[in-house]
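K.L.:
All chains, please: the whole structure from these sequences, using the hints.
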Amino acid sequence: MLNALVTGGTRGLGLGIAKALASSGFQVIAIARNEGDAMAAAREQVARDGRGALHFRTFDLADIDRIGDLVKTLRRDFGGFYGLVNNAAIGTSGILTTMPDSAIERAVRLNVVSPLTLTKYVVRSMMTGQGGRIVNLSSVVSSTGYSGLSVYSATKASLTGFTRSLAREVGPLGITVNAVAPGFINTEMTRDLNSNQLVQIARRSALQRLPEVVDIANAVDFLFSEQARNITGTVMTVDAGNTA
Amino acid sequence: MSTRSVILDEIVRIAEQQKKKLAPLTDDLPLLGSGLDSLCIAVLVATLDDTLGIDPFDRDGDVPFPVTIGDFISLYENAPA
Ligand SMILES: NC(=O)c1ccc[n+]([C@@H]2O[C@H](COP(=O)([O-])OP(=O)(O)OC[C@H]3O[C@@H](n4cnc5c(N)ncnc54)[C@H](OP(=O)(O)O)[C@@H]3O)[C@@H](O)[C@H]2O)c1
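Here the protein sequences come in this chain order: A and B. When we follow the working numbering, the leftmost residue of the first sequence carries the number 1, and every step to the right adds one. When we follow the working numbering, the leftmost residue of the second sequence carries the number 1001, and every step to the right adds one.
One or more of the hints may lead you astray.
Listed below are the simulated BS3-like cross-link pairs for lysine-lysine, each with C-alpha atoms no more than 30 Å apart in a straight line [unchecked claim]: (1) A/Lys-120 to A/Lys-72; (2) A/Lys-120 to B/Lys-1020; (3) A/Lys-120 to B/Lys-1021; (4) A/Lys-120 to B/Lys-1019.
Don't read these hints as lab results, they were simulated from the structure.
P.N.:
Structure, rendered in structure tokens:
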């Protein structure tokens, strides 16, 4: 079984992605600070289904200095990696001028420095294997803008720049690097948006609805598949036509 | 197999895999003059980390990147186990 690491794979989009990749036959290792009930249930389900595998490891991804050791431990326990999904992030929201400096720094650390550092170590294990797949979770707000999300948007936009350049860098090794940019989706991250805002976003979307977790999971699953072997350095928007 | 021959074998293997033409390997040949590009060297470092369990460039460390093949090999030969 090919190994796939999914950060923040315990709830929201990450859990959906982890389940989709497991049912496509990957051995998925989900990382987050807490396992939570949804993850425990998903692991039982995957074990019952008998396709792929789903494991959980606890780790605080803001702990940058320990990321190298984390990857070493995971490689020792599971072997080298074929896939990486940089999904964990915090949805820092608020007006920039009144945001605590520490909140800005925390967002950049978890949403940018952490996935870049993790990718560094995981790609090393892909270099000695047979190609690989990297998917970074960006967001439509990184290109459209949204008041109150300036810091968050900056972190998500940085991942698309990272995606394009890294795709060029590791392309000769058969490793693809893509980003998925979801529109607003109902998860814990967006609980600050009130239902009026969500209704309005849906109304302004071509398909008159919001995308769902499973739509993002399907996009990542596709990018991980053999069918997507010639897709790299791109951003796939999944937003029910919100930015169409 | 000695550290030196492990490294030289890997250089040859990676050059073949990445379709690079290698110059005759001598200790005072600059690493980047060997035919390997920087990506190949990154693959070499990752592979040696796997086979020898050594990565001299691991930390933020102040290890200057070796200029010649001889420097590169001695960095691994002199690495603390
Ligand atoms: N929801 C949306 O509308 C939307 C839209 C566009 C893009 N996105 C992007 O999609 C991704 C997932 O979003 P989501 O809505 O699914 O988020 P979520 O529901 O808040 O889940 C975040 C996940 O990341 C983990 N996590 C958070 N901090 C962590 C840390 N310090 N160390 C390790 N793990 C950590 C969480 O687990 P623990 O808390 O247990 O650590 C959880 O598993 C993010 O990159 C987000 O930017 C979301």
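K.L.:
Hint by hint, say whether it matches the structure.
P.N.:
Hints, one by one, checked against the model:
1. Restraint check for A/Lys-120 and A/Lys-72: satisfied, since their Cα atoms lie roughly 12 Å apart, inside the 30 Å limit.
2. Using a Cα cut-off of 30 Å, the hinted pair A/Lys-120 and B/Lys-1020 holds, with the two alpha carbons roughly 24 Å apart.
3. Distance restraint check for A/Lys-120 and B/Lys-1021: the Cα-Cα separation of roughly 27 Å lies within the 30 Å cut-off, and the hinted pair is therefore satisfied.
4. With a CA separation close to 24 Å, the supplied pair A/Lys-120 and B/Lys-1019 stays within the 30 Å bound.
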